[in-house]
Structures are given as C-alpha cells and as structure tokens.
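Residue numbers (the working numbering), protein chains in the order written: chain A, 1 to 233; chain B, 1 to 439.
By construction, these hints were calculated from the structure, which means they are not laboratory data.
One or more of the hints may lead you astray.
Listed next, the stretches of chain A that the computed footprint assigns to chain B, with coverage defined by at least 3 CB atoms under 8 Å from CB atoms of chain B [claimed, not checked]:
(1) 17-27
(2) 51-61
(3) 78-85
For each residue, glycine too, the CB sits at the ideal point set by N, CA and C.
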Amino acid sequence: MLKMHNIRKSYRTDTIETHALRDFSLEVNEGEFVSVTGPSGSGKTTFLNIAGMLETPTGGEYLLDGDNVSHLNDRQRSRLRNEKIGFIFQGFNLIPDLNLFDNIDVPLRYRGFNSKERRRRIEKVLEQVGLSARAKHLPSQLSGGQQQRVAIARALAGEPRFLLADEPTGNLDSLMARQVMELLEFINEWGTTIVMVTHDPDLARRAHRNIQIVDGQVSDLQRAVAAAEAATA
Amino acid sequence: MFGYYVSLAIRSLRGTPVLSALMVAAIAVGVGASMTVLTLNYMMSQNPLAHKDSVLYAVQLDSWDPNEAYQRSSNEMPVQLTYRDATALLRSDIPARQAAMHRYGFTVSSDDFELRPFSGEARITTRQFFALFDVPFLYGGTWDADADSSPVQQVVLSKATNEKLFGGENSVGRSIDLNGEPFTVVGVIDKWNPSPKIYDLNNGPFNEAEELYIPFGLHRKFEIYSWGNTNGWASGDSGEGYEGHLQGESVWIQYWVELQSAEQLENYRDFLTGYIREQKQQGRFQRPLKFALTRPSEWLVLNEVLSDDNRVLGWLSLAFLLVCVVNAVALMLAKFLRKAPEAGVRRALGASRQAVFVQHVIESGCIGVFGGLCGILLALVGLGTIRQLSFGYIDQVATMDWLMMLAAVGLAILASLLAGIYPAWRVSRTNPSLYLKTQ
Ligand SMILES: Nc1ncnc2c1ncn2[C@@H]1O[C@H](COP(=O)(O)OP(=O)(O)O)[C@@H](O)[C@H]1O
Ligand SMILES: [Mg+2]
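With the rest of the complex left out, here is chain A:
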C-alpha cells in the first residue's frame, strides 16, 4: 500500500545542507506491522512525515495505494491524510485546551461528518482505549500512558487504513509502553497497517518486520538480507 522509490529529502539552511534521506526505497504491504529503528538523526521521522504527506520529498517517487501523491495540491493531500492516515507522536500532541472528546473530534470535523456520526465514533474509540469515563477531562488531567491512548483514539476515529507512529512509547515507562504496544497490536489485527518508529529493541522485535535506517537509507545489511531472501525464494 505504501511504495517509496529513491526518495531524497534535504534541508538547506544558510550554511549547511543536510541530507535527511538518500535513495530511500521501501515497500509496506496492506496489513503489515513494520517497526523502524535506527540511530537518532538518521531520518526516521523524516520518513514518517513524507509517508504522511506532511513534508514533500526533494526527489524520488512516493505511491500511496498506487497513486503518485507528488502531483496533489495541499487540499487534496490534506483530504487524503485525513481519510487514510492516522498519526501518533512521541509527545502525544493533544491540544491542551480541548477535552478528550473535543480532541478526538478534530479529525472528524475536517472529515465533515455530522454531529451524530462524530459522537458515535468518538464514543466507540474512547471505549476501545478504555477511557470512556474521561471524555470531559482535559489532557493535563491524565497520565502519559492515558494521553497516548487518547492520541491513538484520535488517530483511529477516522478509521484510517494506515497508522504512522513516531516513537509512541518514547515518553512512557515500560508498563505503560507495553499497554500501548498491546493496543497497537490489537489494532493491527483488526486490519490497520502500522509503521512504528521505536528505540526499544523488544518492541521492535514484536513487529512483523523491522527496518533499520542508517544515515538516511535502509541499512545495507538489511538490503543484503532482503536480496538474499528474494534470491532463494
């Protein structure tokens, strides 16, 4: 469902040019749970942002569900992001002055659902993440693990087929991290494709497949292994 071919992304400031991604090629299939690891600064977040169309690549080709998204305008991209993609961040990124209900409401508003449909979906996902009783609470009144569950609920409310998670457990202790991971696995079993960046090797191993990014590229070793597997197959 996601196919990147020779993606390049460079950031230019006054003095330096950083190549965050170089000749980055990757394919993710429908229903997969892929974990992404790699050293800090290697380009993991940049990859997720390009996958979620928050950033445009400097070069290369990106197909989402077979469609080349580089020709789309901002409106079409936003629409696609709203319908197909859910984002989860390390810092949760809940909107502080909106309660849980209104936070989850945000993507549904842009989707244009009527209030009845929005309420139905919000109640459903709050139930899924076990926070129904807290709908009127503000994010600051919750623990980190609970906040991340709300963020997941918000990402799920639009029923996206593709979930992008950037170190979702990075700010959580190991118990809460395990709970969040279990939630993600559960979601994946119900059919949502997940790409998750993580530093935790244990969590990374629990995914169907692990990709290591080094210096803006999928690591050579993995590419060699993949090539060898392809050869034997």
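Knowing the structure of chain A, use the given hints to seat chain B with the ligands on it.
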C-alpha cells in the same frame, strides 16, 4: 464549520485573557477615535431637507461690486440678497412657495410676574416659511398674508418657548411683549430642529432653530437690522438712515423658493433674468448677468458646512486607526505563532492550509466584533465629552445614529480582519512537521 471555528476562537481568546484584552483594546481605541470624528463629519454633512431636495432652491443674484467678484463663496455670488431684491422677488407668483428671512432677537416678557424677561432668538420671515420647510404646527398656523408687507404684530412660538411662557397649553390668541411691544400669538410649532440649519448656514450652522418667528412686514416700524451676517461693497449708496439701509446694496436676506415642476423652474429662471435686465437698466447689477438656484444638497457643499479641517481630521483619525491595526497585527502574530504547534497538529489530522487560515481569520474577526462594540462605547464617551466641551453648541451633531453604530462594527471587523490576515497566513504556511518533531 463556521460555528466550529467561532467556538474555537472564543475558547482561544478566553485562554489568553490579557493578550485578548490588549488586542480588543487596540481595535477599540482606533475605532472609537475614528468613529468619534467620522460621526461628527457624517452628522455635519446631513441634509435635513433631503425629502424636498428636488423642489427647493436657494436663490443667489450677482448684485455685487462691478469691479470685483464676490470672494467668499465658491460660485462667486453673495449667498444672501439685498432687502430691495428680496421684496421685489416676493412679488412673483411663479414659485409654489417662497420665503425671505434673516436672523434677529427680542427681549421677551409676559404678564406672568414669575417669569423674568429673557432674550429670544428670532427669525424674521414671510408667512410661507413654515410650509416651505415642512415645519409642523402644534397649535394655530402662520400669520395673515398682509403681515408680510405691512406691520402686523403677530408671532409664532417654538414649542419650548410656548412651554416657558404658557406651560405648553394652546396659547393662540394670547399676547406676549417683545421689546416692550405687544404681539399676538397666532401659532405654536412642534419640535423642529433641522441640523445643519440649512435655511441659514451663514449664522451658526449647528445652532438650534429659533424661538420666535416674526412677520417680514415689521422692518420699517421697528427699524430692524439683521442679527446675522451683513455684507456690503458700496458705502452710503442710497441716502441716509434706515431707509438707506433698506434700499442699499448690502446683502443680509436669505431667500428660498419651492419650484415643483421643470416648467415652474424654467419660468422662474426667465423671471430672474428679466428682473436682472430691468435692474441693469436702472444702473444696478453691473456685473455680467448671473444668478443661481441651488438645491439643499448642493447648498451644503457650496457653503462648506463640512470644512476642509473636518475632512483632514477625518483622514487623521483613519490614520490613527491604521496605527492601531498595525499594533493588533503584531499582537495577533505573537499569539498565532505561539499557537502554531496546535495548527501543526491540526494539519497532521487532516486540516488543509486553507482550513487553518480560515480558522485564524475568524478568530481575528471575533476580536473585531468585541473591539467594535467597545469602540462604540468609546465613541459615545468621546461624543459625550465633545457635547460637554461645546456647551450644547453641537449637541445635535455629536450623537450616533444606528447607521453609524453599524458602521463602527463594520469598521472594527474590517480592521481586525486586515490585522488578522497576515498572521493567519503565516501560521497556515508554517511547516507542521517543524512542530511535530519533538526533541
Ligand atoms: N526542518 C529541518 N531543518 C533542517 N534539518 C532537519 C530538519 N528536520 C530534520 N533535519 C535533519 O535531518 C536529519 C534527520 O532528522 P530526523 O528525521 O528527525 O531524524 P530521526 O527522527 O531519525 O532522529 C537530522 O540530521 C536532522 O538534523
Ligand atoms: Mg525522530
């Protein structure tokens, strides 16, 4: 979506009360100051005779100095007539109505011992004055026809004067003393206060209407001189004394006619042309033949009721508003950029740039609504202060009507949208990933 954005805006404004108050204040002060000045200008340029604008005309004749044109009006003709010309024009029966008039004053006293004599502003005029300007009568009516040319001591009172003298009751037939002479009340008019005082813009365009109205036929008997402006160019031209004044070339009479059809207008033009030709033969009107019939709306312009100073003040106040808007831009930019991370989250959740832009523009529009309402309050305070300082001189001008209040809110919303557009554009353009890359 509009309702959603408004509720977000109000939540956001409540979230930063001090900053919001500063932004509202910036808009309110700018709108308050400019609306104070604009209201004054607007009220000063009102046409109280708009409903009769197509049939009323102020009459000007160029009876001025053969050697030099009249300098004090933009069409180079005196804005008043000589007594001699006014009485001659009164003899024409072409106009449906006409009125000659000028300002005067009396000491008023009555049989009532309780009442101290007071000085009353008066208008010496002809009987059709009231019908011509649509002056409503409470009791009685105008004086007899012969009172315009022969001395008949009758008077029409303003409503306030009737209240002062007779406690507001029907005083028709009663008598009052003016400068010690008995006058019979023939009518009492209802509240009437055209602003600007278009029938005599020469003598305080924002003064209140007169308290007493006196027939035109009394000039010789009481040797009445105008209390308003008198302008002359020829000295001692027609003999000595009061009769000399009446027959002289100084101008001091305002003259209005009502011409109800194009035909009447044409006939009256012919009449005036004929009159001037005839006068030329007698040695008067030595300048090129020239006269003017001017409608009320143009009369206000010709007499520069709204001075250039007023106009400059109007522009200055708008410049001040601009300064306030620039301040509001800075405040909004600070606020919106502080909230940019939230905009980043919204973008990640599917908001387009346009959606983020509209959300923030609506937030600035809400500031405009509040700023406008506070601005109206400030403008009312400003106008109230002006009324206090002017001791009633421009009471009628320094008030806000609904149209001006609406204009104030409109101006505030426009100002705040202008102030909000750039900041909103900036937030909508920022790259959301910048705020989502934690650490
Ligand atoms: N907006 C940006 N401007 C300049 N450089 C950037 C920007 N975003 C990321 N980078 C650089 O690109 C590289 C990859 O960043 P990132 O994708 O955030 O790495 P990771 O998520 O793997 O830690 C880093 O060297 C980072 O400094
Ligand atoms: Mg990162």
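Hint-by-hint comparison with the structure:
no., hint, result
1, 17-27, "violated (count 0)"
2, 51-61, "holds (count 3)"
3, 78-85, "holds (count 5)"
Checked against the numbered hints above, the structure violates only hint 1.
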